[in-house]
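Chemist: Read off the chains here:
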Amino acid sequence: MKELYRVEGVVNRGFVGQITYTICLEETLSKLDIHFSFDADKRTFRPGDITDALIRDTIETCRRNYDLEIGEERARQIILGDMKTEIHTLATINDEFLGCIHKQLTDRHMTYDGDTASEGCVPRESFDGVLKVTVLVFNVIKDATHYCLTVSGE
Amino acid sequence: MFKRYELHNHTTQSDAGITCRALIDHMIADGVDCFAITDHNTISGHPIIKRILEEERLPIACAYGMEYTTYYGHIVCPVLEQYVPWDSINRKKPELLFEAAKRAGAVTGVAHPFSYGDPFARGCRFEMEITDFSNVDYIEIVNNPEPLHEVNEPGILWWESLVLSGVKVAACAGMDLHGLDSFAMKFATYCEGDPGGDPVEELKAAVAAQRTWVSKGMLVAAEKKGDCVRFTLVDAKKPGFVPADTYTLTLKTKDGTRAYDITAGEVDVPLPELGEAVVPKLYGGETVIENLCCVAPVIRAGD
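Top to bottom, those sequences are chains Z and X.
Residue 23 in our numbering is what sits at position 23 of the first sequence, and the numbering runs on without skipping anything.
Residue 142 in our numbering is what sits at position 142 of the second sequence, and the numbering runs on without skipping anything.
For the record, the hints were derived by calculation from the structure and aren't laboratory data.
None of these values were measured; they are calculated from a predicted model.
Cβ atoms here follow ideal geometry from the backbone N, Cα and C, with glycine treated the same way.
Keep in mind that the hints are not guaranteed to be accurate.
Which chain X residues face chain Z? A few, computed with CB under 10 Å, are given here [as the list claims (entries may be wrong)]:
| no. | residue |
| --- | --- |
| 1 | Thr11 |
| 2 | Thr12 |
| 3 | His46 |
| 4 | Tyr72 |
| 5 | Gln82 |
| 6 | Pro85 |
| 7 | Tyr116 |
| 8 | Gly117 |
| 9 | Arg122 |
| 10 | Gly123 |
| 11 | Glu127 |
| 12 | Gly275 |
Isolated chain Z, as found in the complex (with noise of 0.2 Å):
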């Protein structure tokens, strides 16, 4: 397949919220294949990664958040357990919708090949017009967070 756009970006910690990428299909394409992915490493804390800011971030979001009394050690596994930064990918053709990739992962590709499709997408058998490629932005715990996305097709 032929790469038809491709961007890298950098994504701060605290981040919420969507950046949408607009790629004008100049041929009619039958296979496309929008892959995604961000820094593995930055994904989760290590043991290394915790500060006593971290913690005490922590301990007072679960207070103020959830009435939640919790100590440094379970501060800690919290950090280590739960936190971790969290990006999908949805795209739409022609506003139409094509798909979104709900799961936990660092790398992911949206492919579509005539009547197949990857999981979260929509089989479908050409693409014309106008794609949409939404990086939807959960949670960033690190941050200068990299991005890669690519778009191929044929």
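Start from chain Z and add chain X according to the hints.
Modeler: For chain X alone, kept in the frame of chain Z given last:
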């Protein structure tokens, strides 16, 4: 007759570990009348399930839906046959998304409203501010995998406060299936229906009329009898349900809660004791949340 619904289920089309095929088989094996496919932000499982059900003429109905999984809460739509975008989600004006989904024919519910969000799982708690419930069909008052006290009890209390203050919104339950979890002694949603009726249409009618039951397997039905309302136990024959030795019916109004022994199977309650609106709940034994067995539809004066 009562029909059993499982309204909140995921597959490998999003983040679950079970395929569409496995989900269907799991539902049929437990005698479910109608299940919904509600994958996170995708409707890609719809054609797969439709094809299987049509080709094999399986004895179960499916509602084709989706769970809007946003940064500020989840909106589970057991019926949503076309994708309606949510990229303009506004935590202070979620009514716009509920309205757009309803325009597309959706049945809309607030999923696990008190689940833990950030820092555990961003978006799982419903943090949006709803001021107009006219396009909200139901609250998922029990999300079975969630903790009873920390998450489900506040959901039940929120729904009760809404309906007792006059808001018309139904109550439902969900398994939030991501694997082949057992349904035994878990809450399901029940609606009234006809033997040959379309379960999806009956679900739509039931939520619109707030005539839904959330139950582990024993239901409580209400019928006006002269100057009383007769409450009757109905065994839904849910697999794995363990009957209690005694049953207590509670009727909660704005002014307080009254309790009645309904172990014998029925009890008549004088109309004046019901007030303007009352939430009937059934407990197996003592009236503590662990023993909650059924939440029945609100009864309003004039019903």
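Chemist: Hint by hint, say whether it matches the structure.
Modeler: Hint check results:
A cut of 10 Å between beta carbons decides the hint on Thr11/X: the least distance to chain Z is about 8 Å, and the hint holds. The beta carbon of Thr12/X is positioned within 10 Å of a beta carbon in chain Z (closest approach about 5 Å), and the interface hint is therefore held. Here the hint on His46/X is kept, as its CB sits about 8 Å from the closest CB of chain Z, short of 10 Å. At about 9 Å, the closest approach between the beta carbon of Tyr72/X and any beta carbon in chain Z falls short of 10 Å, and the interface hint on this residue holds.
Checking Gln82/X against chain Z by beta carbon gives a least distance of about 8 Å; that is within 10 Å, so the hint holds. At a threshold of 10 Å, the smallest CB-CB gap from Pro85/X to chain Z is about 8 Å, leaving the interface hint in force. Checking Tyr116/X against chain Z: minimum C-beta separation of about 6 Å stays under 10 Å; hint holds. Taken as an interface hint, Gly117/X checks out: its beta carbon lies about 7 Å from the nearest beta carbon of chain Z, inside 10 Å.
For Arg122/X, the interface hint holds, the least distance from its beta-carbon to any beta-carbon of chain Z being 5 Å, beneath 10 Å. Against a cut-off of 10 Å between C-beta atoms, the interface hint on Gly123/X holds, since the closest Cβ of chain Z lies about 6 Å away. For Glu127/X, the interface hint holds, since its Cβ comes within 10 Å of a Cβ in chain Z; the closest pair sits about 9 Å apart. Checking Gly275/X against chain Z: minimum C-beta separation of about 31 Å lies over 10 Å; hint violated.
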